[in-house]
Amino acid sequence: MSAEYNRGYLDMELLRFTTAGSVDDGKSTLIGRLLYDSKAIFEDQLESIERASLKKGEEGINLALLTDGLRAEREQGITIDVAYRYFATPKRKFIIADTPGHIQYTRNMVTGASTANVALILVDARNGVIEQTIRHAFIASLLQIPHIIVCVNKMDLVEFDETIFENIKADFDKIATKLDVHDIRFIPISAKLGDNVVDRSKNMDWYEGPTLMYLLENIHIASDINHLDARFPVQYVIRPMRDEYHDYRGYAGRVEGGIFRKGEKVKVLPSGFTSKIKSIDIFENSIEETFAPQSVTITLEDDIDISRGNMLIKEDSIPEIGQDIDLMICWFNEKPLILGGKYFLKHTTSDLRCVIRDVKYRIDVNTLTNDENNKKIGLNDIARITIKTTKPVFYDSYRKNRLTGSLIFIDEATNETVGAGMII
Amino acid sequence: MNQYKINHLRELEAESIFVIREVVAQFENPVMLFSGGKDSIVMFHLARKAFWPARVPFPLMHIDTGHNFKETLDYRDKLMADTETKLIVRYVQDSINQGKAVDETGVNASRNKLQTVTLLDGIEELKFDCAMGGGRRDEEKARAKERFFSHRDEFGQWDPKNQRPELWNLFNGKKHMGEHFRVFPISNWTEMDVWQYIMLENIPIPSLYFSHEREVINRDGTILAAGEYVALKEGEIPQKRIIRFRTIGDMTCTGAVLSKAGTVEEIIEEVAATRVTERGGRYDDKRSEAAMEDRKKEGYF
Ligand SMILES: Nc1nc2c(ncn2[C@@H]2O[C@H](COP(=O)(O)OP(=O)(O)O)[C@@H](O)[C@H]2O)c(=O)[nH]1
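Residue numbers (this note's numbering), protein chains in the order written: chain A, 6 to 429; chain B, 181 to 481.
In short, the hints are calculated from the structure, not lab data. There may be inaccurate statements among the hints.
What the hints assert, rightly or not - Computed far set for chain B versus chain A, every beta-carbon distance over 12 angstroms:
hint, residue
1, 185
2, 253
3, 398
4, 413
Stated by the list, open to error - Some chain A residues well away from chain B (every beta-carbon gap over 10 angstroms; in silico):
hint, residue
5, 112
6, 163
7, 188
8, 210
9, 288
As the list claims (entries may be wrong) - If you want the footprint, here are the derived chain B segments under chain A, 3+ residues with CB under 8 angstroms:
hint, region
10, 190–196
11, 202–208
12, 218–230
13, 233–240
14, 342–348
15, 361–373
Just so you know, even glycine gets a beta-carbon here, dropped at the ideal spot from N, CA and C.
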């Protein structure tokens, strides 16, 4: 490990993944195993869980203890919120959105899934595909996580039997045909013993696919981002109050889709004015082109009035513009959604308000059926609704772009984030 | 399409810059906390990048325990002058003089916990509605569930059970009068990322991070700088050692490591090989398993 390692490190890609599974399927053990086998665990952390394992009277160290967080939860032996974990191999840096839990599960998984490239779905080999598995697969599809890896865990408890694995695979595939998922892989593992997690299993010669770590390190994610439809929501306007940059007016923001090049013509929404890109600046450097997910500052040839919430686009791809929006939502709050109620919205960099016009149906996430009779939307419910906004929104369908197609609902009285929306 | 991708450091950088700009867009009177440690140095560097060619549009605030290494203060003052940044300093000693905080006594005395009082007073006095901090989620178990935008009630307290869900890159900074936010722009960075980025961007850091000779004592496995603020226990004799610091803060509880790393490259190699967390070297965190969590609920950084 020397200079080469350092250079390698600079070439690493970032991969975000989320984990889903019912209680006791082995999520914590699996994450602990990934951290442990990739040497992301430090001696003092190891000592601390050894102490904790001993206290609980367990033999050996319990890898699951590595990943549980707050003390109250630790004491109750449950985890109830999204926690983020980090590890790296020479190829990639990983961010895990660890979303275990019970009642608030859907809300947690949706939150973790919103930024994930990959979903790991755990299935207990003894139980096979159960209602919860359907729910997890559905959420992964609803949130458009580009890749799903189904880990069939506890293979050691079913004598590493190939038929059991194949049957689970077939059952899962049946559900997947009803969903909008594109890339599903299956791996038979034992999180506890380590089979096919980082090291190849000696107990399952019949399995010829990659280990979980190999997949995480190599799955192709570069084309998950939309590089076709140029979208640049203006976040902040930079006007330096200093002599040498007297006339500088820069539009700061993060590219949320497509590619912008110096000299190209851009259109400003909502005003409709057009201009050309004069420069693309990152600190003291100017660059020729920029793409998602870079944060840059763009200057234009013409002096036009642009503020936060406006969007720069290119005329070859105009987003939808409208006030009546059809979307899927997941509700996060004990206070149910109010039909006709008003909420604050955040969409890209704009703040606006909306009224809930209609609830079309609620989805029963365990059976994947639409319920048009029960329109009461409460905590953890998923539904299709329509809203009307106070001003025009420039958006894409969530399928086309996860960033310009998503929004959050905020309660006007409590300021809490009460729901997430994916535009259809 | 392969050319259209960026490495993980650039992606983390873009995310942090987005968060810092979001703070300036959403809050009226934000402040950035600055300790002189490498995390706050990186955070401040990101802030400069976020607003260039304008100056950073908010002040920095240093909560001074009075137990600082001189190198840290010299570094801080030079950086502020070079970048024309406004610095506010609030002293833990003032809180003690006002009777709002009581100095711990005895051999393990530390002012880390007292910083909270001074910090909350500073926020109230100067009417800041958002304080950005350099906390990272990989630092400690209790931080793993912290949000980028962390809501605090009118007493500055954090309620881990009632956090706002954070999705995509939509950050909800709405609040009522008297409440404020803590924002952690480098939440997703690890210690390794911070060092790699310092190397990538050539960011100057205080000399304490590099190997040097210093009088130290070894207390229950933690190497502490022998100085006027560390009371010696019976039988403790300061000895000269070649060391460097992995974190720098209050002299009374900042642990050093024996090290010959004299450049950022060498530090990176050392971090890659090391098997103890940064906080493993912090004496005050060792006092109790849940020490950090308790401090956070009270409004610690
Ligand atoms: N035999 C066996 N037990 C496992 C395996 N993975 C997890 N377990 C056990 O299953 C129980 C629940 O695991 P845990 O990781 O806490 O599940 P979680 O609730 O999904 O986080 C623990 O007793 C684990 O030791 C496995 O691959 N094989």
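Exercise. Would you say the region 233–240 of chain B counts as covered by chain A, given the rule of at least 3 residues with C-beta under 8 angstroms?
Worked result: holds (count 3)
Problem set entry | Least C-beta distance between residue 398(B) and chain A, which was stated to exceed 12 angstroms | With a cut-off of 12 angstroms, residue 398(B) remains clear of chain A, as the shortest Cβ separation is near 16 angstroms.
Exercise. Holds or violated: the region 218–230 of chain B covered by chain A, criterion of 3 or more residues with Cβ-Cβ distance under 8 angstroms?
Worked result: That given contact holds, which follows from 3 residues of the region 218–230 of chain B lying within Cβ reach (below 8 angstroms) of chain A.
For this session: Compute the least Cβ-Cβ separation between residue 413(B) and chain A, then decide whether it is above 12 angstroms.
Result: Consistent with the label, residue 413(B) stays out of reach of chain A, its closest Cβ about 22 angstroms off (over 12 angstroms).
For this session: With a C-beta cutoff of 8 angstroms, work out whether three or more residues of the region 342–348 of chain B approach chain A closely enough for the coverage to hold.
Result: With 6 residues close enough to chain A, the hint holds.
For this session: Would you check whether the claim that residue 185(B) is not at the interface survives, using Cβ distances to chain A and the 12 angstroms cut-off?
Result: Non-interface label fails for residue 185(B): nearest chain A Cβ at 5 angstroms, not farther than 12 angstroms.
For this session: Report holds if the minimum CB distance from residue 288(A) to chain B is greater than 10 angstroms, and violated otherwise.
Result: Incorrect as stated: the minimum Cβ-Cβ distance to chain B is 4 angstroms, not above 10 angstroms.
Exercise. With a Cβ-Cβ cutoff of 8 angstroms, does the region 361–373 of chain B contain at least three residues near chain A?
Worked result: holds (count 5)
Exercise. Non-interface claim for residue 210(A): all C-beta distances to chain B beyond 10 angstroms?
Worked result: Given that every Cβ of chain B is farther than 10 angstroms from that of residue 210(A), nearest at about 35 angstroms, it holds.
For this session: Test the statement that residue 188(A) is away from the interface with chain B: the closest C-beta pair must be farther apart than 10 angstroms.
Result: holds, 17 angstroms
For this session: Quick one: see if chain A covers the region 190–196 of chain B, three-plus residues with Cβ-Cβ under 8 angstroms.
Result: n = 6 at 8 angstroms, threshold three: holds.
Exercise. Within the region 202–208 of chain B, is the number of residues with a Cβ closer than 8 angstroms to a Cβ of chain A three or more?
Worked result: Since three or more residues must qualify, the claim that chain A covers the region 202–208 of chain B holds, with 3 doing so at under 8 angstroms.
Violated hints for the displayed structure, listed by number in ascending order: 1, 5, 9.
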